[in-house]
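Engineer: Residues per chain, in single letters:
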Amino acid sequence: MGKRLKVPLAVGLGLLAALVAATALSSAAVSFRSAERDGARVAEVLIEDRVVIVVRTSAGGYTPLERAEIVANRLRGALSEEVTAEDVQAGPVASGHGVFVANRLIVAVYEPEAEAHGATPDALAKLWRDNILLALGLMPPEEEPAEESPAGAAPAEDAGPQEQTGSGPQVEGPPAAQETALATAAAAPPEPKAPDWTGTAQKWVPIFSLEREGVRIGFAQVAGPTGQVEKVKGVAQLRLDFRKIGRIYAYIPVSTISVTKLDRVQGVSVWALADVKVLNF
Amino acid sequence: MTRVRLIAVILVLVGLLGFGRAATKAYAIDLGDILKVGGVAFLVSQYDDQIDSFITSALGEREAAAQGATKVVPILSLGGGGYVGAAQVVGNPENVQRVKAVIQVEGRFGSGRAQLLVPATTDKATGSPDRAKGVGVSAVVEFRI
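Sequence order for the protein chains is A and B. At position 18 of the first sequence the residue is numbered 18 (this note's numbering), and the sequence of numbers has no breaks. At position 121 of the second sequence the residue is numbered 402 (this note's numbering), and the sequence of numbers has no breaks.
Bound-form chain A, shown alone:
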C-alpha cells in the first residue's frame, strides 16, 4: 500500500514543482501603484521592480490609477505566456498609438496623455514598449535616430526617487530607456492592415444595452465588407457622459454578445437604428 502510493506521489510532486518553476520563469510580476511626480499625482505600472508605464491623465472616465490597474491586468495576462522581443510592439490605433504584447493591446496613448509627458503619442508608445522590453531583459529594436526628440518624455518614465503611496518595491528606472526613447521618436510605426469600411453588405442585428429607460428592443443595421458583416452578432450600446453637456451612445458591432468583453468587428459600422418600446417604468 505504502509502496504503491510512493510512486504517484513522487510523480505528482515532481509535476507540481515543474509547474511552479515554469510559472516563475514565464510570468513576470506586474504591479501598479500611485505615486507623485513633479508635484502631480500619477499612477505607475511596474514589471518586477521597474516602472515601465506612468499614467498621468484620466481617460474614458477612468482615473490614472484605474487606468494603471487595467494596464497592469492586461500586461499580466499577456506575460502569462512566454514572449519574445518581436511580440512587444508599438503601433497606431485610431487617433493615437498603442503598445501591444502578443497582438494584445496593453495601453493606448492619445494626445492628452502624450502632451502630459511632453511627447508625441508615437514616441511615448515606443518609450513604454522599450521599457517593457528592458524590464523583461529583452533588447529594444534599433531604429533610425530621431530628428526631433520628445523633450521631457523619457525622464518622466524612469522612476527616480519619488513619493510612493501604493504597495510595491522602491525602484530605480532603466537608464537605457531614455536613450532608446530619443532614438525611436521619429521612426515610422508598423502600419496595421486597415479594415475596409465599404458597406457592401448590410444586416439588422439586435442592440444590447443595460442602460436605457424602460425596456426597449433595439435593432441596428450594420454595414461593411461581406465577411465582416457575417461575423456581427449584435451591436453593443455603450453610454458615456461627456462632461455635463452631452450624453454619448457609442455603437460597437460585436462578434459575441457579452456585457463583459467587447469583441469589435472592424470595418463594420452602423447605418440605421430602430427600437420598439415594450414596457415603461
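No wet-lab data here; the hints were simulated from the structure. Each residue gets a CB set at the ideal place from its N, CA and C atoms; glycine is no exception. Nothing false has been slipped in among the hints.
Mimicking BS3-like on lysine-lysine, the simulated pairs with C-alpha atoms at most 25 angstroms apart in a straight line are:
{"id": "1", "chain 1": "A", "residue 1": "233", "chain 2": "B", "residue 2": "414"}
{"id": "2", "chain 1": "A", "residue 1": "261", "chain 2": "A", "residue 2": "231"}
{"id": "3", "chain 1": "A", "residue 1": "203", "chain 2": "B", "residue 2": "414"}
To be clear about the criterion: a stretch of chain B counts as covered by chain A if any three or more of its residues have a C-beta under 8 angstroms from a C-beta of chain A, and this derived list gives those stretches:
{"id": "4", "stretch": "334-342"}
{"id": "5", "stretch": "347-358"}
{"id": "6", "stretch": "372-379"}
{"id": "7", "stretch": "384-398"}
{"id": "8", "stretch": "417-423"}
From the derived model, a few chain A residues whose C-beta atoms are all more than 12 angstroms from chain B:
{"id": "9", "residue": "6"}
{"id": "10", "residue": "7"}
{"id": "11", "residue": "10"}
{"id": "12", "residue": "29"}
{"id": "13", "residue": "34"}
{"id": "14", "residue": "48"}
{"id": "15", "residue": "83"}
{"id": "16", "residue": "137"}
{"id": "17", "residue": "142"}
{"id": "18", "residue": "231"}
Dock chain B against chain A, hints included.
Structural biologist: Relative to chain A, chain B alone:
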C-alpha cells in the same frame, strides 16, 4: 340688448386673450428651437475634437476602438430641420475627411421608431443626401440643452 353687447365684448376679449396666448406659445417654441439648434451647432463646433478623442479613448480603454479614421460632425434632421445632435463617424481616412454632417431621417411605427443615419458630404438637409461612401456611424451624441 346691453347684456348681449356685454357678452359679445367678453367673448371678443377672451378670444383675443386666447389668440395672444397661443401666439406667445408658438413664438416661445420657435425661439426655443432656434436656441437649441444654434446651441447644438455651437457645441459641435466647439467640442468636436474633444468629443472625438473622448469616445476613441473610452473605446480604446475597452479594447473596442475602431481601426479607422474618426470625426465628430453635426446631425441634421431631414424634415425636422436644423442640428439635433452630433455623431462620430468612422471609416477610411479619405472618406471620413469628406463628411460634413450626418443626415438623420426619423420615422415612427406604432410604439417603435427608426432612425436612418446617413454620413453626407454636404451640411444641408435638403433633397436626397449625398452619402459618403465607406463611412458609418460609430456614436451618437445628445446634448443637454
